[in-house]
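Using the sequences and the accompanying hints, generate a full structural model.
These protein sequence lines map, in sequence, to chains A and B. Numbering of the first sequence is given in the UniProt record's numbering, commencing with residue 1 and proceeding in unit increments. Numbering of the second sequence is given in the UniProt record's numbering, commencing with residue 1 and proceeding in unit increments.
Everything labelled a hint here was simulated from the structure, so no lab data went into it. Mixed in with the good hints there might be a few duds.
[What the hints assert, rightly or not] With a cut-off of at most 16 Å between alpha-carbon atoms, the simulated EDC-like pairs for lysine to aspartate or glutamate come out as follows:
| hint | chain 1 | residue 1 | chain 2 | residue 2 |
| --- | --- | --- | --- | --- |
| 1 | A | Lys57 | B | Asp49 |
| 2 | B | Lys57 | A | Glu215 |
| 3 | A | Lys57 | A | Asp7 |
| 4 | B | Lys334 | A | Glu215 |
| 5 | B | Lys57 | B | Asp20 |
| 6 | A | Lys334 | B | Glu215 |
Protein chains: 2
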Amino acid sequence: MRPTVHDIADTAGVSLATVDRVLNDRPGVRGVTKAKVEAAIATLGYVRDVAAANLAKSRVYPLVFILPAGDNPFMRGLEAEVRRAGFHSAAERTRLSVVPVPAFDAAALVAAIDGAVADQVSGIAAVAVDAPEVAAAIGRAHAAGVPVVTLVSDLANSGRDHFVGVDNVAAGRTAGSLMGRFLGNRPGPVAVLAGSMRVRDHRERLDGFLATIAEMPVGRAVLPVLEGQDDPKLSLSLVSGCLASTPDLAGIYSLGAGNQGLVAALADRTDLCVIAHELTAHTRAALETGIIDAVLNQDAGHEVRSAIRVLRAKADGLPVIAAQERIRLDIFIKDNLPAGPDEDDNN
Amino acid sequence: MRPTVHDIADTAGVSLATVDRVLNDRPGVRGVTKAKVEAAIATLGYVRDVAAANLAKSRVYPLVFILPAGDNPFMRGLEAEVRRAGFHSAAERTRLSVVPVPAFDAAALVAAIDGAVADQVSGIAAVAVDAPEVAAAIGRAHAAGVPVVTLVSDLANSGRDHFVGVDNVAAGRTAGSLMGRFLGNRPGPVAVLAGSMRVRDHRERLDGFLATIAEMPVGRAVLPVLEGQDDPKLSLSLVSGCLASTPDLAGIYSLGAGNQGLVAALADRTDLCVIAHELTAHTRAALETGIIDAVLNQDAGHEVRSAIRVLRAKADGLPVIAAQERIRLDIFIKDNLPAGPDEDDNN
DNA sequence: GAATTTTTGATGTACGTAAATCAGAAATTT
DNA sequence: AAATTTCTGATTTACGTACATCAAAAATTC
Numbered sequence: 001m002r003p004t005v006h007d008i009a010d011t012a013g014v015s016l017a018t019v020d021r022v023l024n025d026r027p028g029v030r031g032v033t034k035a036k037v038e039a040a041i042a043t044l045g046y047v048r049d050v051a052a053a054n055l056a057k058s059r060v061y062p063l064v065f066i067l068p069a070g071d072n073p074f075m076r077g078l079e080a081e082v083r084r085a086g087f088h089s090a091a092e093r094t095r096l097s098v099v100p101v102p103a104f105d106a107a108a109l110v111a112a113i114d115g116a117v118a119d120q121v122s123g124i125a126a127v128a129v130d131a132p133e134v135a136a137a138i139g140r141a142h143a144a145g146v147p148v149v150t151l152v153s154d155l156a157n158s159g160r161d162h163f164v165g166v167d168n169v170a171a172g173r174t175a176g177s178l179m180g181r182f183l184g185n186r187p188g189p190v191a192v193l194a195g196s197m198r199v200r201d202h203r204e205r206l207d208g209f210l211a212t213i214a215e216m217p218v219g220r221a222v223l224p225v226l227e228g229q230d231d232p233k234l235s236l237s238l239v240s241g242c243l244a245s246t247p248d249l250a251g252i253y254s255l256g257a258g259n260q261g262l263v264a265a266l267a268d269r270t271d272l273c274v275i276a277h278e279l280t281a282h283t284r285a286a287l288e289t290g291i292i293d294a295v296l297n298q299d300a301g302h303e304v305r306s307a308i309r310v311l312r313a314k315a316d317g318l319p320v321i322a323a324q325e326r327i328r329l330d331i332f333i334k335d336n337l338p339a340g341p342d343e344d345d346n347n
Numbered sequence: 001m002r003p004t005v006h007d008i009a010d011t012a013g014v015s016l017a018t019v020d021r022v023l024n025d026r027p028g029v030r031g032v033t034k035a036k037v038e039a040a041i042a043t044l045g046y047v048r049d050v051a052a053a054n055l056a057k058s059r060v061y062p063l064v065f066i067l068p069a070g071d072n073p074f075m076r077g078l079e080a081e082v083r084r085a086g087f088h089s090a091a092e093r094t095r096l097s098v099v100p101v102p103a104f105d106a107a108a109l110v111a112a113i114d115g116a117v118a119d120q121v122s123g124i125a126a127v128a129v130d131a132p133e134v135a136a137a138i139g140r141a142h143a144a145g146v147p148v149v150t151l152v153s154d155l156a157n158s159g160r161d162h163f164v165g166v167d168n169v170a171a172g173r174t175a176g177s178l179m180g181r182f183l184g185n186r187p188g189p190v191a192v193l194a195g196s197m198r199v200r201d202h203r204e205r206l207d208g209f210l211a212t213i214a215e216m217p218v219g220r221a222v223l224p225v226l227e228g229q230d231d232p233k234l235s236l237s238l239v240s241g242c243l244a245s246t247p248d249l250a251g252i253y254s255l256g257a258g259n260q261g262l263v264a265a266l267a268d269r270t271d272l273c274v275i276a277h278e279l280t281a282h283t284r285a286a287l288e289t290g291i292i293d294a295v296l297n298q299d300a301g302h303e304v305r306s307a308i309r310v311l312r313a314k315a316d317g318l319p320v321i322a323a324q325e326r327i328r329l330d331i332f333i334k335d336n337l338p339a340g341p342d343e344d345d346n347n
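What follows is the structure, encoded as structure tokens:
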């Protein structure tokens, strides 16, 4: 059996109360005694039974996820994963809530962050909008002792404790690399459909993509970026216009959330090389019909669970194992699509 | 706060003892009373606090992982993940142990399974060797009430409770599909390097690969399978021989664990399209230098944690959520390689 | 050496569940 | 209606930790 606090008390020759004082950093222990206890802990290899500790503490960790509202399928997927995690995380004494804010609205995001701090939550996860007032709000939360992680899109120099998301430059490079390989020596320019260049993750993906295309031995032109605002209708018209004006178009990289419009514009044109982001109902269907050739995906479930782990660790003052919290970039083609639309693993 | 057993007792108008009897399927409860309790559970939305329950039970779950010995990097990775999971799973009252057996040795595997059953473990995870005596041993374990999951390579008709691993036919199809796209209309045959055709997962991968190649509009020859027995030296010589005798070779699909030999044989030939399985030190390095173009990977950490969850659920008589336990097939190219060699997430 | 402060011990309660015992109530059978 | 069986209630202990209280011991100061 694992050693308990009683075993420590016995081998250290002190009372249970003293062990408790050492373990929980309570005052009133001489240095000598503390050392004795710590030695006993080390020799016995004691590790606190977190389940029992949490039970005794009956502490709950209210965590808030601030997510963009609207019909962005990826964000809705994130929200679904939060709910799913909330269902399972009751045992871990975590209480999750979702606060929707208008997309790209810095003021609303600031209000939501300040509100969460006022509510005394133990942690905040937010999809950051790249604005100085948001960085200031995150700074205030951090100063108030509330850990903050940025989700999906980062905000450097904001005092956020951690970023949960993929390396978006690498994502862009991956898209460029696949595009190059799939096209081979087929001629023609490629187009890029983004949401907005004011969003950091979109900018980073574009940078990576352009860099990889530029490095290729086959020179290939990249048309000016189409900014569809992640809106289905606008994306549809932009892509349609591009198709009409560029008959020799070879491929499209859709790095934002405008895939519904993209797929609508392409109809049944399977001759183009199309690479998109995030596995949703639309992209999945388009992969299966051959309209889209590859989908790059960040697993919403993994991100949510990573955010929860990080926030809990921060709330407890524990270290975060960076390597363990790295979010992978998944590549999906028609043949390795996961089975269900609601696939996920709790791994 | 979450409802507790006391709340159920109150709203159902019964005693704590009766609630306990219903919750733990103990005898001595009339159908009417049981229904009352279950109604209370439903209306209150009670969920058992597993942490408290495990604490009270002070039950431990000894689980055994039976893995092939030897220097197969993927198997060693699996073992490392078991150790890592064991470190974290102390809180979940799971005790993990690894039993190494000679690779492809059915008799040794049978002995290990029977030994685990004799040791009264609560669950067995084993990399199955495709032999009738192994199926029989698994059947004995199952009959003795010990749940068994097959890991990586399945064994149908054996009475195993669950299979933890990827869909290997889909893996082969993915490899074929990528190979076709990467090669485009470049002519030349492709070679296949396998470990052994007597292993089920290798056969399945080959089937998927051949089917996809055959479906392609561009006719492409596949050379006879090279069986390298997952041995570096044998694989090296087989691939070298193939390269010498087939100057117009366009690509190689390595579906087993012979990648060290494969990479050695290819030296610095980056002109071939090479697709391999499992992200190890060798395949990672070869991806980075361009010798290998894509690596298909099953995440050892995910598999181990899935196996643990499934075995615990089976041991407790709980249902397994199949969708949650599906293992994904990762595609890695140079650009989306995860950062560290010991990358992993506990998600 | 007395008075004070600091450190330690002893003890109890709590968290939510499991599991056992024993008495009493209700249902069933005779 | 009595005897029996089946069901239910009340109560207790335990799991490993957290946390509080009060007394006792040790160290420190005056």
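We went through each hint and held it up to the structure:
1. Lys57/A with Asp49/B: The hint holds at about 14 Å.
2. Lys57/B with Glu215/A: violated, 61 Å
3. Lys57/A with Asp7/A: violated, 21 Å
4. Lys334/B with Glu215/A: holds, 14 Å
5. Lys57/B with Asp20/B: Between Lys57/B and Asp20/B the Cα gap is close to 13 Å, so the pair holds against 16 Å.
6. Lys334/A with Glu215/B: The hint holds at about 14 Å.
The structure fails hints 2, 3 (numbered hints given earlier, in ascending order).
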